Amino acid sequence: MQAKNQYPQPIEYYVVTTCCRNFVWSALDYDSLLLSLHFRGYTPTFIMPYEEYLAEMELADEYLKREEERELKEPA
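End of the sequence shown = 76 in UniProt numbering, gap-free, step of one.
Hints are supplied without guarantee of correctness; some may be wrong.
As the list claims (entries may be wrong) - Cross-link-like lysine to aspartate or glutamate pairs, in silico, DMTMM-like; alpha carbons within 25 Å at most: (1) 73 to 61; (2) 65 to 29; (3) 73 to 52; (4) 73 to 51; (5) 73 to 62; (6) 65 to 51.
Claimed, not checked - FRET-style restraints, in silico, Cβ to Cβ: (7) 72 to 24: 13 to 21 Å; (8) 46 to 68: 42 to 50 Å; (9) 71 to 45: 30 to 38 Å; (10) 64 to 6: 37 to 45 Å; (11) 72 to 4: 55 to 63 Å; (12) 54 to 28: 15 to 23 Å; (13) 75 to 29: 53 to 61 Å; (14) 69 to 35: 44 to 52 Å; (15) 68 to 48: 34 to 42 Å.
No lab work stands behind these hints: they were computed from the structure.
Small disclaimer: the values here were computed from a predicted structure and weren't measured.
Even glycine gets a Cβ: it sits at the ideal position worked out from N, Cα and C.
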């Protein structure tokens, strides 16, 4: 009977670099993410776990929709 090896699951990160590129980059942890980016010649200016980034973008979309609705309801 073979033992099941459980490998750590990679985490997806939202990354913005100094050359203004946006990536969703997978890495096992924050340190391996930085090493991987550096190895490929990228310098990050912003890093956030991708799930958190998506949640923030969803909140921003909701806010914009509410603002648009409010502007439409207000008399000119």
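So, going through the hints one by one against the coordinates:
no., hint, result
1, 73 to 61, "holds (18 Å)"
2, 65 to 29, "violated (35 Å)"
3, 73 to 52, "violated (32 Å)"
4, 73 to 51, "violated (33 Å)"
5, 73 to 62, "holds (17 Å)"
6, 65 to 51, "holds (21 Å)"
7, 72 to 24: 13 to 21 Å, "violated (34 Å)"
8, 46 to 68: 42 to 50 Å, "violated (27 Å)"
9, 71 to 45: 30 to 38 Å, "holds (33 Å)"
10, 64 to 6: 37 to 45 Å, "holds (42 Å)"
11, 72 to 4: 55 to 63 Å, "holds (57 Å)"
12, 54 to 28: 15 to 23 Å, "holds (20 Å)"
13, 75 to 29: 53 to 61 Å, "holds (54 Å)"
14, 69 to 35: 44 to 52 Å, "holds (46 Å)"
15, 68 to 48: 34 to 42 Å, "violated (26 Å)"
The structure does not agree with the numbered hints 2, 3, 4, 7, 8, 15 stated previously, though it agrees with the rest.
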